[in-house]
Amino acid sequence: MNPELKRNLWLEFSLHRLVAMPAVLGLVFLGAALGTRPESDVGVATTGLILFVGLTGVWGARRAAESVTEEFHSKTWDGQRMSAIGPWAMTWGKLAGSTSFAWYGALLCLAVVAAVWPRHWQYPVDEAIALAICAALCVHWH
Amino acid sequence: MLAEQAIAVEGLQFDYPGVRALDDVSFTVARGSVTALVGPNGAGKTTLLRCIAALDRPMLGAIRVAGIDVLEEPRACHRRVGFLSDIYGLYDTLTVRQCLTHAARANGVDATALPRTVVQTAERLDITDKLEARAGELSRGQRQRVAIGQALIHAPQVLILDEPASGLDPEARYALARLFTRLQSEGMTLMVSSHILAELDEYSTHMLVLRAGKVIEHRPLDGLMSTGQRVRVDLAVPVVGWHERAGAIAGVRVLQAEAHAGVLVVAGDITAQAAVLKHLVDLGLPVAGFHAEHENLHDSYLRTVRERQNP
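Taken in order, these protein sequences are the chains called A and B.
Numbering follows the numbering used here, with no gaps: position 84 of the first sequence is 84.
Numbering follows the numbering used here, with no gaps: position 176 of the second sequence is 176.
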């Protein structure tokens, strides 16, 4: 495995965080479900999409941007420059690794959205999810 | 570049805005040596070490490390060099084992050798019992040892350390000195910058003195000077002006002199020293002691600086 990706995964995923993310999202979805009419899934689906955009477009993008600046602040940048990891491997390892926890939450949100996708929304759910993931990846890469 | 040279620096010049940090710096470092880089604050020590490690690019000059042109192939240089900055950082939420594992993988250590390499490095630095502790929970000295472990885990040919002993207690410094001596015996070349000259004295084989961006001295630390061997002379009774007669002997230079003792520099080998001793006795001087003297790094540094200030 790419050493930079592995290091970021170590940093991003602790048991505490692995448990905390679904717990927090579960509470948000519960609140959305209780706040809308019982027969409608629109509230939960809309909440899921908003959370997905927030997690990938805001938090994930911020984590991607911070993946280099944090190295400066924590004085580890010299170590990164001294490593034998190539520029491309370093770039994608940082990008994928630093945003991995945001993606963990975002994919949980998409799973909920797919499960409660309202029938009267005309757009096919699989295409909507694929489009959302592509858009988020473009934001991170940019 | 000769095979026995681990580092060759030629005509190095490095400028910060308004300040020349390195000015026509040239020297070579022999393979398997430990070079103490000493000098006052602002002399350019850190800049020089960063240039050698291919982290900063000089304006002029050439650097070769382990046969690699550092300016042309910085990444190839990184694979052969371990570097510990004076201002280093660790990933505080990772365990020591994870820190060392990442450093090893990032520096190309084979995956199959990884667990053994990590444990061996931890043993070398006496941090085996801290392998599962988070880096952020370690004391300053323990963090320093982890950082040194990260720098040497890929068994580099050249290890460059900027103030490696700062923050270490005397016991840890002693352990570090033993480690450096062992690394040298295994063939590694070390270049160490430190303000703690007594500590450098324990393991250094050469001294490189930098002052205002210039090399003012570079020589071995075995008592040999560029012009010969230091020899201490003790007289049984004080003799006024004896050093003038001693200084007139061919191949002898007087370094220090008092009425009852002094230090000479004798050009040549031990036979030349025997000839000088005979000459002193023939001159009628009551020589009671005559022996080669090892000058410690602290005295050597201060003498070098004095000589340069008052040539």
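It is possible that some hints are incorrect.
Stated by the list, open to error - Derived contacts from chain B toward chain A, CB cut-off under 10 Å, selection only:
id, residue
1, HIS78
2, ALA104
3, LEU138
4, GLN142
5, ALA155
What the hints assert, rightly or not - Stretch-level coverage of chain B by chain A, calculated; a stretch enters the list once three of its residues show a Cβ under 8 Å from a Cβ in chain A:
id, region
6, 59-69
7, 105-112
Hints listed in this document are in silico derivations from the structure and should not be mistaken for laboratory results.
Only a predicted model underlies this, so the values are computations on that prediction, with no experimental measurement involved.
Note that beta-carbon positions come from the ideal geometry of N, C-alpha and C, so glycine has one too.
Hints, verified against the model:
no., hint, in the structure
1, HIS78, "holds (5 Å)"
2, ALA104, "holds (9 Å)"
3, LEU138, "violated (15 Å)"
4, GLN142, "violated (17 Å)"
5, ALA155, "violated (13 Å)"
6, 59-69, "violated (count 0)"
7, 105-112, "holds (count 4)"
Hint compliance for this structure: hints 3, 4, 5 and 6 are not met, and every other hint is.
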